[in-house]
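Keeping their order, the protein sequence lines are chains W and C.
Numbering-wise, this note's numbering puts 84 at position 84 of the first sequence, and it's gapless, one number per residue.
Numbering-wise, this note's numbering puts 695 at position 266 of the second sequence, and it's gapless, one number per residue.
A few of these clues could be false.
Covered by chain W, per the in silico footprint, the following chain C stretches (three or more residues, Cβ under 8 Å) [unchecked claim]: (1) 490 to 501; (2) 599 to 605; (3) 685 to 696; (4) 699 to 708.
Quick list of the computed label-pair ranges, beta carbon to beta carbon [what the hints assert, rightly or not]: (5) 466/C - 402/W: 48 to 54 Å; (6) 211/W - 477/C: 34 to 40 Å; (7) 86/W - 477/C: 17 to 23 Å; (8) 269/W - 473/C: 49 to 55 Å.
To be clear, the hints were calculated from the coordinates, so they are not data collected in a lab.
Virtual Cβ for every residue (Gly too), placed ideally from N, Cα, C.
Here is what each chain is made of, one letter per residue.
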Amino acid sequence: MLPDLRRLAGFLLPVALLLAACGGASTPGVVEVTLPVSVLGAEAEVLRRQLRRFMEEHPDIRVVQRETPDAADQRHQLYVQWLNAGASDPDILQLDVVWTPEFAAAGWILPLERFAPDTSAFFPTTVSANRWGDSLFALPWFVDVGMLYWRTDLMAAPPTTFDGLVSSARAAKQRHGLRHGLVWQGARYEGLVTTFLEYLGGHGGRIMEQGRVVVASAAGRQALREMRSEIHESGIVPTAALTWHEEETRFAFQNGESAFMRNWPYAYGLMQDSAQSRVAGRFAVAPMPATPDGTPTAALGGAQLAINRNTEHPEAAWRVIDYLTRPEQMLERARVVGQFPTRAALYDDPELAAALSIPPAQARRVIEHAVARPVTPIYTQLSDILQVHLHRALTRQREPAAALAQAQAEMQQLLNRVGLGIGGPPARR
Amino acid sequence: MSVSESEGLLRGADPIRGVERQEARLAWGLVLPAVGTILLVALFPLAWTVWESVHLHDLRMPWLGRPFIGAANYLEALGDPRFWGALGHTAFFAATSVGLELILGLGLALAMNRAFRGRGLVRAAILVPWAIPTVVAGLLWRFMFAGEGGIVNETLLDLGLLREPLVWFIEAETAWVPVILADVWKTTPFVALLLLAGLQNIDASLYEAARIDGAAAWGQFRHVTLPLLKPAILVALIFRTLDAFRVFDLVYALTGGGPGTSTEPIALYTFNALLQNLRFGYGSALSVIVFAITFGLALIYIRLLGAELTGSKR
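Excised from the complex, chain W in its bound form (with noise of 0.2 Å):
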């Protein structure tokens, strides 16, 4: 069994760095604490630029930059590599929002008590989401929420709708001759279940309840149905959805060749560039669409910063990221990159306003309708299972009650297995 190159490369690098910094001289009287994020693009740049500020105020923390990959799965194996083994550095990690329960559990961060963090401010589901137990765990940076891209040249509002999105997909298909009426993400993978999750709460289901998977419920038939039958029945969406990421849904949805797309808010600022958009100044964003049973339900995405235990450093590790939480690091990210802001009181803000890709006061209300993936240890593991399911009746290998059932059976044994089941976290370490 060959290990994948860019997996090696993956670990190796950030090693080499490690050693390397490990090898650098320090001065004395200065702490040293690490951050590991990515050291590419946009985003990377005004890190630097908040960091060097919060450097010039702080001149007893010197704050390094760690390389990481970007791909979500491969950071993730680093961390668990590093944490494992009881480093002490990197001193902060950026999360994603579904692994804070894991490595609290684990028992691999600390809880910020002891820092009194002043939560008030967040959106409750961005914090809720970083607590374990009784504890908080990690602080919001930023929100991602999944949102219907739609052409505002095809049509004059968005569907709010299912029914609504397929007819008007559908009319949008035969009308201005477009090849597809609507993409999203439907490859094997992480995206697939935030994409499904959306229809899901849509149709008023849920993945859990309480420690008891639900997904097999009706709500979950008809949402698995409805994916399916856009695909294989209306063809609104192309068959070839079923292999696509994130990155080919804006493809097709920049080259003028959708009417409505699925994603992240990242797609907005990239399309909005008309040297390498079509559509640019032609599409707006509103939030997925319900049945009258669900709600518009958007998949709660985005980072959180946290301390690993073993820091040496936890004081000016809880600086680092009080400074690069506070409102106007948040502003500066969402002005530069787009990302929308974890404070709810910045929505009122007239500057988000200009910085933001939609009107604040819908983000707003699409965050706040935000939806968690399952909070729990194990999601990862909970996830794969839910993916091959979602994968087989989507490919139309099993029928969607057939395969939700399965999924449902699989994913609550995994939970008893690890004591998981029902009620409380496991004791701590």
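Fit chain C to the given chain W structure using the hints.
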């Protein structure tokens, strides 16, 4: 005076035996580093994997500890339909791709065995696919089989064999096509070269004799070429079957095991358990099972090959 020498004197053995013994000791001393290296490199990791496989070791759930759980990991694998599916896919892949490679490789070897101008060039050129890194080859084939704009779909559309572009990777049956084709494309040259070496070892006078006895081309192939080529065919089979059983990178790059898990081989499933889900115990149990299967296959082949080699010396 060494112990063995005094033993030799005591037993009254002749000095030659003493020298032999000394040489034997020297030989042991000389191979010891090699044996030690093999133990360290091959057996130690294997033993470690076996040890892991009887323990619960989940990096994500350190609070569960690392208790000994006996055969639980193995039982879980044996009770998991995804494991049996993966095993079935691996066997299907191995049988189909190795079978095709053998037939095509034999054809190529026979062709290259003839004297023609530019033979050396052809022999070198045929190795090109084999020299391309598997992941690169996988991506290449993925692009060729892309749903829209892929060269395969375009060609089939132009020929009128397809009415609309086919999304190859979303049906189990069609997703196998690029996987198997890519493997056949990539490793047939290797099989062909092995068989060519075998062909060149066959004495030309045997063909002459066969011709004189009135054997036609098919008769010569059937009664001279095939029996004498058997050892080479077996060697090719061993290499290819064992490789095919551990297939990972090609599928990883081409289908990722999808749609669903329809093209997931056992190595990819193991990778998933080990590195995606970080279940070291369970993943190790899977690794041990894969090892046992390939080891068993190797034993069967070696037995066949050994019999064949001694048989052909008659």
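Each hint, compared with the structure:
| no. | hint | verdict |
| --- | --- | --- |
| 1 | 490 to 501 | holds (count 4) |
| 2 | 599 to 605 | holds (count 3) |
| 3 | 685 to 696 | holds (count 8) |
| 4 | 699 to 708 | holds (count 7) |
| 5 | 466/C - 402/W: 48 to 54 Å | holds, 53 Å |
| 6 | 211/W - 477/C: 34 to 40 Å | holds, 36 Å |
| 7 | 86/W - 477/C: 17 to 23 Å | holds, 20 Å |
| 8 | 269/W - 473/C: 49 to 55 Å | holds, 52 Å |
Going through the hint list in order, the structure satisfies each hint without exception.
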